[in-house]
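Asks: Here the protein sequences line up with chains A and B, keeping their order.
Counting from 1, position 384 in the first sequence corresponds to residue 384 in the working numbering; the numbering is continuous, with no gaps.
Heads up, the working numbering is the position in the second sequence plus 454, with the first residue counted as 1.
Hints are computed from structural coordinates only; laboratory data are not their basis.
Every residue, glycine too, gets a C-beta built ideally from N, C-alpha and C.
One or more hints might be untrue.
Stated by the list, open to error - Derived PhoX-like pairs (lysine-lysine); straight-line CA-CA distance at most 20 Å:
#, chain 1, residue 1, chain 2, residue 2
1, A, LYS77, A, LYS17
2, A, LYS114, B, LYS472
3, B, LYS466, A, LYS114
Claimed, not checked - Beyond 12 Å from chain B on every Cβ pair, some chain A residues (computed):
#, residue
4, GLU10
5, SER15
6, THR23
7, LEU24
8, LYS47
9, ALA76
10, PRO83
11, MET111
12, GLN175
13, ASN232
14, LYS327
15, GLY352
16, ILE376
17, GLU390
18, LYS396
What the hints assert, rightly or not - Derived DEER-like restraints, expressed as beta-carbon distance ranges:
#, chain 1, residue 1, chain 2, residue 2, range
19, A, SER87, B, ARG712, 56 to 62 Å
20, A, THR59, B, LEU644, 55 to 61 Å
21, B, LEU797, A, MET111, 46 to 52 Å
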Amino acid sequence: MVLLNVDGIECSYGSRKVIDDVTLSVKPGDFVGILGPNGSGKTTLLKSISRLLKPHKGTILLDKENIYSLESIQVAKKLAVVPQDTSIGFSFNSLDIVLMGRNPHVSRFQMENKNDLAITKRVMLLTNTWQFANRPINELSGGEKQRVIIARALAQEPKLLLLDEPLTHLDIINQLEIMDLVKKLSVDEKIIILAVFHDLNLAARYCNSAVLLKNGKIFSAGTLSEVLTSKNIKKVFNVDAIVQKHLVTNSIFVIPLSPQKTPQYKKCSLHLISGAGTGTRLMKFLADEGYRLTAGVLNVLDTDYETTRILDIPVVAEAPFSPIMEKTRKKNLEMMIKASAVVIASVPFGYGNLQNLKTARKALDKQIPVYIIEEIPIERRDFTNGKAKELLIEMKRNGAIFVRDQHELLTLLHISDKKLKISQENGKRMFTHLEPKRYDEKNESGRIGKKNEP
Amino acid sequence: MATNEVETNFFKRASKWKFIIIILLFALFLTLLLSLNVGYARIPFAEILSIIGKQFPFLDKIIDPSIISQTSPGIILQVRMPRIVAGALVGAALAASGVVYQGVFKNPMADSYLLGVSAGAAVGASISILFASGMPIFGFRLVQVAAFFGALIAMLLVYSISRVGSRVPITTLLLCGIAVNFFLYAIVALIEVLAGDELTNIVFWLIGGFSNVLWFDIFSVMPIILVGITLSYFYARDLNLLALGEENAQHLGVNVERVKKVLLILASLVTASAVSICGLIGFVGLMVPHITRLVIGPDHRILFPASAIVGAIFLVICDSVARVIATPFASTLELPVGIITMLTGAPFFILLFKKKKESYAL
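Turn these sequences into a full structure, and let the hints steer you where they fit.
Replies: Shown next as structure tokens:
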């Protein structure tokens, strides 16, 4: 059984340490994704395993032999590399290129024989490249060329295949075809596969384990569900991401949200009423702007609930698929009163969450400003025989502010925030906001939400 | 359908290559014979063949000596033959080392003079012409010895400047080669300014030609050239792999640094030997590999030997032209062969390139 053991290696470019104490052990059938941001040492790690950059500390054993004490031809019989991009000096045809993969097996004074051709043909059929065997490699498309390069690597009959971002220049169908092929090699032929990926989702879909690098060190290693967590992604890539199991492919998939800005923290905090995913975008948007958020009541397992977990937002939660109980309703009201304002997203209202609207009205009665986003008219999302609409109208009468979308909301909040600062500086504790700017006042809304005008 | 075609092509490949080599060798033989016929004195083919036949131990019995005139053996064997053999040898040497340089450097502009070989030889030769043109060293002419060692010293200089640790990166090698070339050519220019009466000799040497070549010169460099070309041929497959880039070649089992070192040293030795007997003949090392590649493809296992033979044929023809082209105007005037190689080769290359540039990716 061929094993790859990387033991405590350290690599440097000049005085800059690029790989720092990396230890790995990989066995046949493993398909390992090497992940990490730019400059984390992914490619360098691959280079040192492929014998291009000798680590100044530690050892790399392939099949119990130190690869740096073997001749290159010995290593080439066991280890093949598919680089990111190959530029080929002269116009060799595809067959020539794949035959070059037989180089380690053919002695200096011989030509490739029948057996070499048979192996070449087999790998070219496997990679679906045999049909253009006679075409010059430089006339092939990016995907075809990369498949030829993979065929060349396979012609070496390697036990270990290293792929350095093999999909960088390929379209989606080529990416999937090539990854399916590589996966097949790992399962059927028990070739150890180490691949550097930029696309976390491709890695998640095909690898069975992963190594996450940060600043040349292993940040996390293990199965995909151990490595690809939103916490790890946040720490290594500094990106908020939703990590879920995909219903169709049953593999983990990652939805990166936009990179976290370092927001200017605002004085005021907001309490959000949402649900069924209507608040997810809004939460990210407001959090990026620097508002402190709370949310509720949300049912556990609701999309918005998941979002609060990712963004670390305090939430009043109710059990899955349950109506809002008295206890949670009270907690929700307490939370609302602590906030500087309440925001109601364009959430559909049914008897299950009508309670939230009633709580908001109570908050409004206690002088907490309420902003209502009406992206979708209430008539179309009211499933309470008009009760929700009634409540909204009542709140409007009592001074709740209707806005068209999150951008309009933001504009108003900015002004309120400044006012809050001024009032605090003046020693006043009261939160005030501008006179309600209703979006049915055409002359005003034109100024505020210009880019959203049809 | 395509499947069978690919496989038959593969199995036919070895015999196809042999066929190409045989055809080219035959063409070379014809060229040599024809060019023996070219010259001021008219000597018929029958007489030429008889003179050659006379040189072999058993053939001389059956040849009728009556058709051989008194002066002809001297003209054929001591005047025409040496320069034709030298032409073939130098042509093969320059073209073969051109293939090696282009392969190692993965650069179409690389030629056999790249690593300062030409400039070093030029400095050595022009200094020796200036100070002691006739002086022999162990039977060798000083110019020849000086050119050979000038070439090797320049090459070693370029090589050692560009070395980074144990590696010799291609780009640094190219840049150092260019820098050293400029520096050495400045010295040559300086010597030319100071040369006075010897200037013509220096200029003629720099353009290159075979008018003074003797058998002795040929035999003194022939071993280096033939051994160098033969040894380089064993690295033909490594040259193919280097076309994929050094890292890829390394992954496919080529010991890149060692192969590079061996090939560059061999090619430089071969070039230095060639240059030492005939001066700087341009174009052959750059264009013959290109022309051959355009016709037979990039595989160095056939490209390398084929280029060597094509180089030999090309240079012998050019030399024959050089010998006779000026005869109608002045019977003793002879053009330097370097002028002919450039005047004929460049247009031919451009013509071929225009036809095939679509498929000729570099």
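Asks: Hints first: check each against the structure and report whether it holds.
Replies: Okay, the hints, checked on the actual structure:
no. : hint                             : verdict
1   : LYS77/A to LYS17/A               : violated, 30 Å
2   : LYS114/A to LYS472/B             : holds, 18 Å
3   : LYS466/B to LYS114/A             : holds, 12 Å
4   : GLU10                            : holds, 18 Å
5   : SER15                            : holds, 15 Å
6   : THR23                            : holds, 24 Å
7   : LEU24                            : holds, 19 Å
8   : LYS47                            : violated, 8 Å
9   : ALA76                            : violated, 3 Å
10  : PRO83                            : violated, 7 Å
11  : MET111                           : violated, 6 Å
12  : GLN175                           : holds, 22 Å
13  : ASN232                           : holds, 31 Å
14  : LYS327                           : holds, 66 Å
15  : GLY352                           : holds, 61 Å
16  : ILE376                           : holds, 57 Å
17  : GLU390                           : holds, 72 Å
18  : LYS396                           : holds, 69 Å
19  : SER87/A to ARG712/B: 56 to 62 Å  : violated, 23 Å
20  : THR59/A to LEU644/B: 55 to 61 Å  : holds, 56 Å
21  : LEU797/B to MET111/A: 46 to 52 Å : violated, 39 Å
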